[in-house]
Amino acid sequence: MNNIVSKILIVANLVFSLCFMCFAGAVYSFQAGWVQKHEKAAAQVSSTKSQLDDAIKQKDDQTEKFTADLLKEKTRADIAEAKEAGLNQNLKQAIGNQGNAEKERDKHLADLLVAQKEAQARVTETNDARAEIKRLRDQNNDAIAIRRGLEDKNLQMEGQLAEASSRESQFLKEITRLNDLLRLNKIDPRDPVIGPVPRLIEPVDGKVEDSRKNASRSQENVLISVGSDDGVFKGLKMTVYRTSDDGNANYLATIKITDVYPDKAVGLVLEETRNGTIERDDYVTTKFGSNNL
Amino acid sequence: MSQQSSDPTIYDGLMFVSLGAVIVGIVFLIMALDGYGWSNGG
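Protein chains in written order, with our numbering: chain A, 32 to 324; chain B, 42 to 83.
All clues given are correct.
Partial chain B-side listing against chain A, Cβ under 8 Å, derived:
id, residue
1, L55
2, M56
3, V58
4, S59
5, A62
6, V65
7, G66
8, F69
9, L70
10, A73
11, G76
Note that these hints are calculated values from the structure, not bench results.
For clarity, every value in this text was computed on a predicted model and none was experimentally measured.
Heads up, the beta-carbon is just placed ideally off N, CA and C, and yes, glycines get one too.
Produce the entire structure from the sequences given, and follow the hints as far as they go.
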């Protein structure tokens, strides 16, 4: 212990012993975190490896799928290229057809212009024809109206002719009867008539429909219900009377016919013959008059 | 037998401290290995 080498070794031994103690203490103090870090890192490595395996598997699946899709798309592309080639050929053919169609169209347009001009001329002609047709229709309508009028007139004339024939036969019978009567009375029907012949007065009965006096009340006109169809003529004198309840006829006046219509007549009251006031529904007749003219 | 001085010197104390430090270090190592479950990490 007294030499210098021993002292140096003792000091070195002390230093190394202290260092050993410090390093061992340090190891003991920090070794727990290292274990946890190691386990965590091992778990992460395991998880990452698993994910990597999954990713690789997924990548392989997708690669197979993409390969199949690529093959499929290549097939489709080949088909599409074939179709495109066919379509290009069709397009060329269509372009050629279009050219032909344009030529046809130009030709048809030219024909159309000609046809339009012709149609315009036809329209003008049709309008003229319509106007002519309208004029002819109007003329036809007028002709139809005239024809109907003539037919009505013809019908009326036929009726009058039939009536005239009937009357002619009656007149012939009457003439035969009168000739027989004249022969019985020893009168020659061919002898001439000398002097005026009084007009035949037929028995006529009618009613007063209205009576009016003039403004100065000096004259009275009477409207009666019989006319020329019943044998009434202008200038005829008729008697106006009224029947009482016991059946007697009361003479009222004598009228002179001034206006005659087919079924009416107007008579002027002769004031010198007035025997009463004439009213509506009084009777008028030719039977009572001894001198009706 | 020769008479030798028996008084401890400073170097005896240093040797004693060194021994204690070695023992404490060994104790730390044992505790550290216990923490690893006596595994060598392999």
